[in-house]
Amino acid sequence: MAISLQLALAAIAVMLCAGALAFAAGARASRINDLYFLLLGASGTLALTAGLGGLMASTPPATTLPFGLPWLPWHVRLDALSGFFLLLIGLVSIAVALFGPSYVRGLAHGRDPLSVLGGFTGLFVAGMLTVVLADDAFLFMVAWELMSVASYFLVAFQHEQAANRRAALLYLLMAHIGGLCILLGFGVLAAFGHGFDFDSLRNALPPTPWTTVAFALAFIGFGMKAGLVPLHAWLPEAHPAAPSHISALMSGVMLKVAVYGFIRFVFDLNGDLHWGWGVAVLTIGSASALMGALFAVVQTDLKRLLAYSSVENVGIVFIGLGLSLVFLSTGHRLLGVIALVAALYHALNHALFKSLLFLGAGAVLHSSHERDLEHMGGLLRRMPWTGLFFLIGCLSIAALPPFNGFVSEWLTFQSALQAWQLDSGVLRSLLPIAVAILALTGALTAAAFVKVYGVAFLGRARSRRIRRAREVSLGMRAAQAWLAVLCLLLGVLPMPVVALIDAVPRQLLGIGLAQATRHGWLWLTPVAPATASYAAPLILLCLAFAWWLVRMLLGRARLRRPRRSDAWDCGFAPPDARMQYSATAFAQPIRRVFGVLFRIDESIQNDSGTSRYRLQIADRAWESFYVPVARAVQAASRRVTWLQSGSIRVYLGWSLATLLILLWVIS
Amino acid sequence: MTLMHLSLTEQSVFVLAALVLLSSFALLAQTRLLSAVHAFAWQGALVAAVTALMASAGDEPHLYLSAALTLTLKALLIPWMLHRLIRRLALERHVETVRRPAVITLAGAAIVVFCYWVVLPIARLELAATRNILAISLSVVLLGLLMMVARRQAVSQVIGFMSMENGLFLAAAAATGGMPLVVELGVAFDVLVAAVLFGVFFLQIRDSIDSLDVDRLNRLTETDTTTVPGTEARP
Amino acid sequence: MIALLVAVFTPALGAALLAVLPNLTLAGWLNVALAATSVGGAVTLAVEILNSGALTAHGFHIDAFNIYLVVLTAFIGLTTAIFSRPYMSHVCQSGRVSRTHMRLYHAMFQGFMFTMLVALTTNNLGVLWVAVEGATLATVLLVSLYRTPEAVEAAWKYFILCGVGIAQALFGTVLVYFAAQHALPDPSAGLTWTTLHAHAAQLHPTVMSIAFVFLLVGYGTKVGLVPLHNWLPDAHSEGPTPMSAVLSGLLLNIGLYAIVRLKMLTDGALAQGTNPHLAGQLMMGFGLLSFVVAGLFLHRQRDIKRMFSYSSIEHMGLMTFAFGIGGPLATFGALLHMLVHSLTKSAIFVTVGHATHVAGTQAIDHIRGLIRTQPAVGWGLLIGVVAISGFPPFGVFTSEFLLLSATMQYWPWLTPILLTGLVIAFAGLFRHLQPMVYGAAPIEQRAVRANMLPVALHLGLVLWLGLAIPGFLSRWLDQATQLIAGSHLL
Amino acid sequence: MTLLPWLLTLLQAALFAAAAPLLVGWIKKVKARLQNRRGPPLLQVYRELWKLLGKEAVMAHTASPVFRAAPYVVFSATWLVAAVIPLVASHLPSAAMADVIVLVGLLALARFVLALAGMDIGTTFGGMGSSREMLVSGLAEPALLMVVFTLTMSAHTTNLASVMDYIAGAGLLLRPSFLFALGALVLVAVAETGRIPIDNPAAHLELTMIHEAMVLEYSGINLGLMEWAAQIKLMIYGTLIANVFFPWGIASELTPVALLIGVMAITIKLALLAIALAVTETVLAKMRLFRAPLFLNVAFLLALLGLLSHVILEVGA
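Residue numbers (the numbering used here), protein chains in the order written: chain C, 111 to 777; chain S, 2 to 236; chain A, 3 to 492; chain P, 680 to 996.
Derived from the structure by calculation, the hints contain no laboratory data. Certain hints may be false.
Where chain A lies over chain C, by a calculated footprint (3+ residues, C-beta under 8 Å) [stated by the list, open to error]:
| # | segment |
| --- | --- |
| 1 | 275 to 286 |
| 2 | 428 to 436 |
| 3 | 741 to 755 |
Backbone N, C-alpha and C define an ideal beta-carbon position, used for all residues, glycine too.
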């Protein structure tokens, strides 16, 4: 067993210990708060180191643990794919460990014991780490469901609000359904293999229709967890309900674990790939990206908006995976690798900037107890550091150069632009449409985050709570700084990152992305230099140069401080904070243009002279997917009650009838 | 194999079995509780007689014991207990209205035919004497069940239940030549305890609903009010 | 052998003793002590069996299959007795039962344990029947212990329906005996299970299939298979909670145990026939129906104990289905599921007992915010339901995993139904559970003195089984699997 | 030897920035002529710019660092795009720095910061402008990407210089796909640069403004930079249309003669384009805001048709 695997197991053990410690501390959990987050940080560092080790190692270390079924001990293995996701979990865990101590202290005055929060956080992180390391279906499922259940308790942590309870229930239900689908998917493979360890599943090679069945089950299962449309509706309910550092872990990391599961299942275990799967993934991915972005634009609750944006970003990751499937299955292995690398890169990026944004939202929540954008404004002056880091998060998520979000989207575009190499005309015209949707998504995301940043951090404070907001503690700022710096680094220096990720396709598919790194650390050339290239460091340098040049040349203006004055008031009364453009107003044009896709309930109430405008935007996924199922179950359960009518004579009649029917059946 | 090839004992077993079946129908049709108890006692006696005949035919001494047990329990003790209970509960004059008696009788007949059909493959085994006794006893069991379905009176239900047990005893005695002794004793003990408990329950039921009409025992049901999905009732 | 006698007859002795013992405090403790003795005997017996193989003597037959149920039964008897002592004294103080009835309760508790243990250990199908009927008789008065109209009604239904069911089982037993008489060299041994099993192939297939129908309907009533289940929710909800715990945790198992034993015979008899898997298919049909219907029923519950009794039906359906599938994997899974379900469900009923005392009602709508009022009870209930819903790392997940993979292997097209059923049941349980444990608590709810030791013990065991099945247990279950399914899994 | 191309790049970037106001001035002049006015002198734009760059800036009290940094970011990013686009010569070293998607990204960066700046002061108009700008650009971006796709399908590259090489090398081919793509790109360019019928650069009624509403609070050097950046952006789109679809004349070698031809070619092409723009702006009126999506839908449809006609008609060609 290599040292990297030992480190990874140690990370899990540390997290379990931390959880146990929190449970054991009970009512005194707030006293061990710092120690707890120290352990989380240690676990994150261990995972990070182990992940790097996994990415570097040439042969993946594996071992078994003395748990599980008698004939199926827990297998663990640390290959490049696991390593990559360990790295991702580690990076975010460290940030959360920095962020947590002061943030959780703010929750200590609530009625909900911190021991519960700490204990289940420990189980949650340990579950995620274990999922990534698992090398047999049984351990995978155990860890997977552990992750779901532990996060359920975290979502339900502040359970006095009915909305949180509802979100938690929905979340657990969806997680359960998804988990069962995955289990079934493994079952299909196992039925053709000789066991549940991944090696047997890999060698199972079921006949064609069955691989598609397995794929479909895995897609539904993992897609549900990842929050793909149309099964996403639980996600924007559940993620914001948890405390913010948990939201960061859920949106930033847990969704990636679902992506991991999908890659592991489809690319690694499920034998030959089929181009139809790629089209399915591409379609669903595009739909998720678009719907996520659209719904993000119209939200006014900051954390909900971020959650919808997670749907969008997971959609982008799946677009990448879909492209990869299409290319791999049609024999364009190199292009498939580019798309896969793009998807992985985006997964990592999303983990970083979404955690950053959730932590930023947490910081705002911590210092002002406000989640509603309509009450915010002018936070940048009150929380300059948080404002700066949040801006970096916004720029990254809006996929703007030279930040990290852009690199992964660029890579996705690059692989899609090679669609001309495909033989099938249908695919050739389908891929560009998917990518056009990706472009639309990018623009909508930009709109959403202009709105968020503009309404929350710029302008003037719209409420007293916000006016009283103050910058948060050093630890919370450090957590955001850590992620913000990573966002920038990953955007400016994509080459080393791609070189690192490259280990994943090399181990998984046997082919790397050598040409992308051939032209030095400065140039990113996924296909060939003549086709496309991107020199992020140069771009940053040139931007800085241009800035410097402008200031130098126009130096005479530079020396003068700008004169301050009131804002222009159109010749009327001076503008006050309530006259600012609100978040709802900002989204109105987009809401109107894409009105078909929302369920908008708009009304003006006139009572006693004052008019009140009411706007409700509902997700159509509810009425078309969730409600009918709930109704059907309800109707069925009403149907069966005639079995329990209360009359003993009827019951005896059942007995008699059953007997007669059975006798008739066997005769 | 026709009747002529059978011994006289076996022939009389058939006759008695047929009478048991008849008594089952009598029970089904009887609306007065006391008369039903009497019919039930006769049925018990007939079963005991069958058992005794089998004992004599098969030379199995422990069947005599079984016959004696049946006679004591089914023909004497339990009818006596029921009789006493009926008096205590003042139900001597109770006449139960059974809806659609003709339908029930027809259903009973159909059940007999069905039982015959079910047991046919077994009867083809040509295992002396036993052949259609099994069908008869099965019919008695199911007719007892049918009686429980048809009757609303708790006491009638109990009689139906006991008549099912008669069918079982008949099957055990006629078809298999008696169960092992320990089982017989155990079964008898259970039946006795059950009879006692029934008595206890009649009193409890009357105390709680002032009647012995089982249709009024309908508080525990799932059918009425509904819960609305997704609502959490009160805080 | 001594251990066997200790294990089985201690409760019989106890029943007699407790019936006449006037001191209730002492009776409560004696109840615990007797149950502990029985557990001691059972464990010793288990060690003996593990070391020296099956034991057949004096009308008893102990093999790997029933010894594990014996230990389980005795163990749950013990933990329930521990729970029942303070619980029933609370009930007694609140004036819901009289002192005489308390004596009856204690005596019948032990009497029930006795019948259970006899049913498990006997080698004679007739005695098995007598014991199962005895179990009904022992518990029927306990169901009506509170003497409310509902309780009396529930008890009457329980009595009549189980009585009718069990009568059908007796007819089936008679048929088996009938078949045996024409197949066995010694007809008088026609109800001895070991002999029957050895000569199963000679039994007449038609007779055995008819017999099996009667036995399935008969014992199936006890198991609570839909549509024969109607007594079960009534009896569980109206009886005292310790009774619900043992009914759900044990009585249902015994019914299933009997069915499985008889399936083994029927399979042997039908092996050469046109449809050798008839028995299994019937069980699968019943199991699946029960599973799905019970899951739907869960959505409409208003009474907390009733809800969990439907959950029991659901799980019994699952086990019946799994035993019906046959094969080593499914059988192993079903045996494991029996174990973990009993442990979890009795733990849940214990918690529910406390919860009803906390809230002063069994109505789901009126139990709110348990975690606030009494965190131990609230969390106990929540964790218990998480466990019973099949979430890892609890053992129910392990067994359901095995069952699902077995279904996948043999009947792949049934798995969607199974999954739908699981999800429906889970949703039904949780939608009612969550408001009860979470949220703000009504002011009139007060914490009660609760003994959570049995709950912790059971859930701890279930957790352990979920993480790793200890070697001796897996060997043990494997032997039982070999016995039932005909081949080893390991 | 490697220094010379870089020097040329710098020179071209400077030329781009310097020529942008001239293009705007030319459009204004042509427009005025079309409206039977004499119009301002051609160099008037430079004078205004010079005046603004020298004036003292006034800022609202509520302005944040974002507001102060925005003009520089917007200008730098736009100028960087200009530096990468082949204007006179196609094979400059800067071309490898960023392909066309990066250029779109840089323009998006400029727009993002601009929109933030619009919201910074907390007035109603700034937010309104930002909101509309994000809508219009959101709808324009997919169409633009589809155009890029159509080109890439044929040229197999996203590197602008390579695309131009390909098109120039293929000779005069009538490709339906390019025809549609050209149409789409023109529509996108109109929308993105805030020209009639989407936005009116000369508008001074706040309720109808998009771009002007966002920069309403700017003054002095800041406003100057913003205006200049907008002018460069207009020229960027012009150059794109001119050089990508009609690459003839662009210098493919770095010889003085070729470069001279290149300068003349681009001047003529841009002048012609500007006339075309002026004509349309004179003929058309500004649309209501909610007609803009319709307009951009047409762009998207054209781009899509371009792509499909490539797949259907030109495969193997």
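Are there at least three residues in the segment 428 to 436 of chain C whose beta carbon sits under 8 Å from a beta carbon of chain A? violated (count 0)
Do at least three Cβ atoms from the segment 741 to 755 of chain C come closer than 8 Å to Cβ atoms of chain A? Holds: 10 residues of the segment 741 to 755 of chain C have a Cβ under 8 Å from chain A.
So is the segment 275 to 286 of chain C in contact with chain A by the C-beta rule, three or more residues under 8 Å, or is the coverage claim wrong? holds (count 6)
Of the hints listed earlier, the one the structure fails to meet is number 2.
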